[in-house]
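Novice: Each chain, written out:
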Amino acid sequence: MIRMVLAHFAMFRNRVDRLDVAGQFKIAFLTLVALFFLAGIYAGCWRLVSYINGVAVIGPLLVNKLLGLVFLTSFSMVVMSGLITSFTTIFSSEDLPWLIEKPIPIEKIFILKALATCLYSSWMVILLLSPLLLALGQVKQAPLSFYPFSIIIITPFLFIASSLGIMGSAVLMRFLPSRRTRDILLLCGILLVTALYVLFRLLEPERLVRLDGLEVVAQYLAYLNAPTAVYLPSWWVAAALFSFLTNAAGDTFFYAALLYGAGLVIFIIVVLLAKRYYYHGWSEGRVYNRVSSPARFSFNARSPLRAIIEKDGITFLRDAAQWSQLLLLASLVVVYIFSIYKLPLDTLYLQNLVAFLNIGLIGFIMAAVALRFIFPSVSLEGMGISLLRASPVSMAAVLGGKLFFGLVPLAGFGILMAVSSCMLLKADMYMVILSLAAVGVMAVGLGCLAAGFGAMFPVFSTANVARIESSGGGLFFIITALAYIGLSLGLWAAPVQDFYRHKFGAQGFASGYGWWVAGGLVLINLLVTVVPLRLGYRSLEERQL
Amino acid sequence: MALEGLTLEINAGEIFAFLGPNGAGKTTTVKLFAGLLKPTSGSASVLGFDVSLHPVEAKKAIGLLSDQPFAYPYLTGFEFLRLAGDLYGVTAAEQRLKIPELLEMFALTDRAGDMVESYSHGMKQKLALASVLLHKPKVLFLDEPLVGLDPKSARLVKDIIVALAGRGVTVFMCTHVIEIAEKLAHRVGILERGKLIAMESVADLKKRMHTAANLEDMFLQLTGGTEYAELLKYL
Chain X
138 MIRMVLAHFA MFRNRVDRLD VAGQFKIAFL TLVALFFLAG IYAGCWRLVS
188 YINGVAVIGP LLVNKLLGLV FLTSFSMVVM SGLITSFTTI FSSEDLPWLI
238 EKPIPIEKIF ILKALATCLY SSWMVILLLS PLLLALGQVK QAPLSFYPFS
288 IIIITPFLFI ASSLGIMGSA VLMRFLPSRR TRDILLLCGI LLVTALYVLF
338 RLLEPERLVR LDGLEVVAQY LAYLNAPTAV YLPSWWVAAA LFSFLTNAAG
388 DTFFYAALLY GAGLVIFIIV VLLAKRYYYH GWSEGRVYNR VSSPARFSFN
438 ARSPLRAIIE KDGITFLRDA AQWSQLLLLA SLVVVYIFSI YKLPLDTLYL
488 QNLVAFLNIG LIGFIMAAVA LRFIFPSVSL EGMGISLLRA SPVSMAAVLG
538 GKLFFGLVPL AGFGILMAVS SCMLLKADMY MVILSLAAVG VMAVGLGCLA
588 AGFGAMFPVF STANVARIES SGGGLFFIIT ALAYIGLSLG LWAAPVQDFY
638 RHKFGAQGFA SGYGWWVAGG LVLINLLVTV VPLRLGYRSL EERQL
Chain B
12 MALEGLTLEI NAGEIFAFLG PNGAGKTTTV KLFAGLLKPT SGSASVLGFD
62 VSLHPVEAKK AIGLLSDQPF AYPYLTGFEF LRLAGDLYGV TAAEQRLKIP
112 ELLEMFALTD RAGDMVESYS HGMKQKLALA SVLLHKPKVL FLDEPLVGLD
162 PKSARLVKDI IVALAGRGVT VFMCTHVIEI AEKLAHRVGI LERGKLIAME
212 SVADLKKRMH TAANLEDMFL QLTGGTEYAE LLKYL
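Chains X and B, in that order, are what the protein sequence lines are.
By my numbering, the letter at position 90 of the first sequence is numbered 227, and the numbering carries on one by one without gaps.
By my numbering, the letter at position 15 of the second sequence is numbered 26, and the numbering carries on one by one without gaps.
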């Protein structure tokens with residue numbers, strides 16, 4: 138098993154050693170962006186923790202509660218991530234047939250893959266928790282030993298969480314090995330996360346820091362004092378950290394022992410499960426249960442473009458991993474609209490200011506949606522791109538098909554959000570029309586940007602959307618998209634400013650540069666539509682396949 | 012550089028077998044003709060159309076079966092053939108006639124309504140071959156066409172190759188099955204490390220090498236491969 142781990146290190150080293158200048162630049166750039174991102178999170182966390190900690194009397198209790206909630210959320214995220222990731226790493230990893238035919242005990246292969254799953258399912262949480270813990274240590278003026286202690290205490294916590302996910306998948310694979318069943322389970326998992334997310338938002342957690350939300354102060358204090366899910370490792374890790382910060386050595390040791398003890402027990406259970414169920418689940422999952430359905434031959438006339446769009450539509454609807462994400466998107470819309478509804482907007486000025494800023498927020502959400510659904514569309518062709526390139530169809534039609542398939546829903550989604558939020562904000566008709574125009578134009582710009590960048594920086598080697606969108610090209614897209622949204626918002630601000638000046642009695646155009654603004658909008662929108670599409674098309678036509 | 016000074020001219024209606032050790036550049040050559048790779052120098056033409064300058068005209072005439080047969084896993088076999096037909100501009104009326112015929116010919120009718128992800132390697136190979144034949148190409152590029160096929164299907168493919176050549180279709184076939192090349196091909200080309208070291212009929216090659224040996228022995232003599240006798244002692 139150690140040899141396999143070493144082989145993975147060797148693969149990583151070989152890839153790093155063979156990086157060309159462009160690759161080295163990409164890595165350096167991504168590292169820099171990631172560092173900026175982490176620094177931003179650290180600054181936010183520091184501000185939040187120091188603010189909450191400074192609240193008179195209940196500050197430390199609030200921080201304790203916050204940490205408990207953060208660890209509870211992290212715990213559920215890693216459990217779910219472990220469950221979903223393990224289907225890929227433990228049961229359908231490409232090297233499994235090669236490994237299983239070797240004279241290696243099956244549980245050793247399982248452990249190797251389970252450790253990889255732990256890493257894959259928790260790295261994002263580690264990345265996000267690090268700045269928070271650093272900020273906590275700074276605010277609480279913790280000794281230096283707090284930081285290595287955090288690592289020691291969080292390791293079994295994440296291990297337990299991802300192992301629970303792995304246990305879930307091992308049992309599911311044993312009893313429900315077929316791919317279709319896994320699709321249904323994946324859907325159930327996503328429905329659960331979606332429901333929890335919406336429910337959490339509807340509970341209005343902001344009331345936590347608004348004392349007037351609870352009738353009796355004593356009730357509030359009792360709520361703060363109560364541990365968050367005492368039987369879960371998320372509470373143990375929070376309690377261990379707080380005990381360490383308050384120099385309660387006994388409690389620190391107790392919770393640390395609890396975490397390591399539970400980790401060991403779960404490890405033993407996982408290995409026993411693997412011995413019993415792993416091979417069966419893996420081998421059953423490779424057998425296709427043949428249920429032949431009669432072909433319905435229909436021969437309607439189609440242009441190549443329509444054939445490509447229909448193919449993309451069919452693939453999208455039949456791949457549960459793709460369409461199930463629409464549920465998450467729907468929950469995002471519900472939560473967004475609910476948040477707008479709950480905003481305390483007492484004045485006309487505030488209503489219209491929020492209506493204007495709303496354009497930027499919708500733009501940001503549309504950029505995220507474009508990154509998830511349009512940017513990967515060319516990459517998801519995989520080997521199919523050779524088939525399309527070998528055919529007499531122009532790559533412009535291929536790219537156009539991808540754009541059309543993604544753009545129509547993206548624009549519809551943006552406009553729906555704009556209309557509903559403007560209605561809730563009771564904004565002026567002028568603001569409603571301006572919002573619709575701005576969001577509509579931005580949808581086209583972001584759609585073209587995503588399709589073009591997706592074609593310029595395709596990742597044909599994987600069908601994993603998460604890997605495609607987190608590639609260098611994905612990062613480049615999101616940075617460009619954010620710059621575009623910022624610039625657009627700045628330009629759309631001029632007509633809004635003029636409108637309110639007129640409304641409140643001013644004469645003439647205060648900004649006085651209407652044509653410049655219009656010209657600027659035309660220019661940046663031409664830049665984000667024509668240039669990426671053109672470059673993407675050329676990249677597809679000339680790529681050596 | 013994968014290929015060096017390669018000059019090939021294949022006649023209409025000819026079956027040309029392209030042989031060579033792994034990594035010699037056979038698939039690269041096919042990709043150059045199919046427009047999937049751009050030559051760093053020189054050119055590739057199909058039916059007089061330079062693939063770089065007139066890609067659409069050249070591609071309309073080509074049928075390409077790649078060494079790794081691909082079909083979209085979430086489409087059914089029938090839907091995949093429909094897509095292939097539409098991409099090559101085959102009319103709906105023609106597809107109505109040809110698709111059921113091809114499915115029947117490759118024994119895929121029963122599974123035409125199933126998603127490709129459930130197909131075996133051989134079935135995918137047959138489906139890919141059916142899709143290649145749908146638009147009646149004038150030039151066929153077949154990269155390892157017999158890999159994964161059962162004996163009956165392999166025989167069918169060989170018969171198809173001969174029949175199409177008889178109708179004037181040019182067949183450019185990369186293969187490691189030397190017996191097939193010897194039996195079917197009008198001429199063979201042998202590629203070694205990107206260089207063409209032989210390009211003639213099997214009979215002419217025998218004459219040139221002053222031997223009565225079969226194509227396999229001549230191939231091994233030309234490309235090396237007899238020197239491993241000492242190494243076999245290890246086994």
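Simulated from the structure, these hints should not be mistaken for lab results.
None of the values given here were measured: they were computed from a predicted structure.
Among the hints, erroneous ones may be present.
[What the hints assert, rightly or not] Computed Cβ-Cβ distance ranges for the label pairs, DEER-style:
id	chain 1	residue 1	chain 2	residue 2	range
1	B	Asp161	X	Thr168	44 to 54 angstroms
2	B	His65	X	Phe146	18 to 28 angstroms
3	X	Pro234	B	Ser63	38 to 48 angstroms
C-beta atoms are modelled at their ideal positions from N, C-alpha and C, and glycine is treated no differently.
Novice: Would you mind marking each hint as holding or not holding in the structure?
Specialist: Outcome of the hint check:
{"no.": "1", "hint": "B:Asp161 x X:Thr168: 44 to 54 angstroms", "verdict": "holds (52 angstroms)"}
{"no.": "2", "hint": "B:His65 x X:Phe146: 18 to 28 angstroms", "verdict": "violated (50 angstroms)"}
{"no.": "3", "hint": "X:Pro234 x B:Ser63: 38 to 48 angstroms", "verdict": "holds (40 angstroms)"}
The structure fails to meet hint 2 from the earlier list, while all remaining hints are met.
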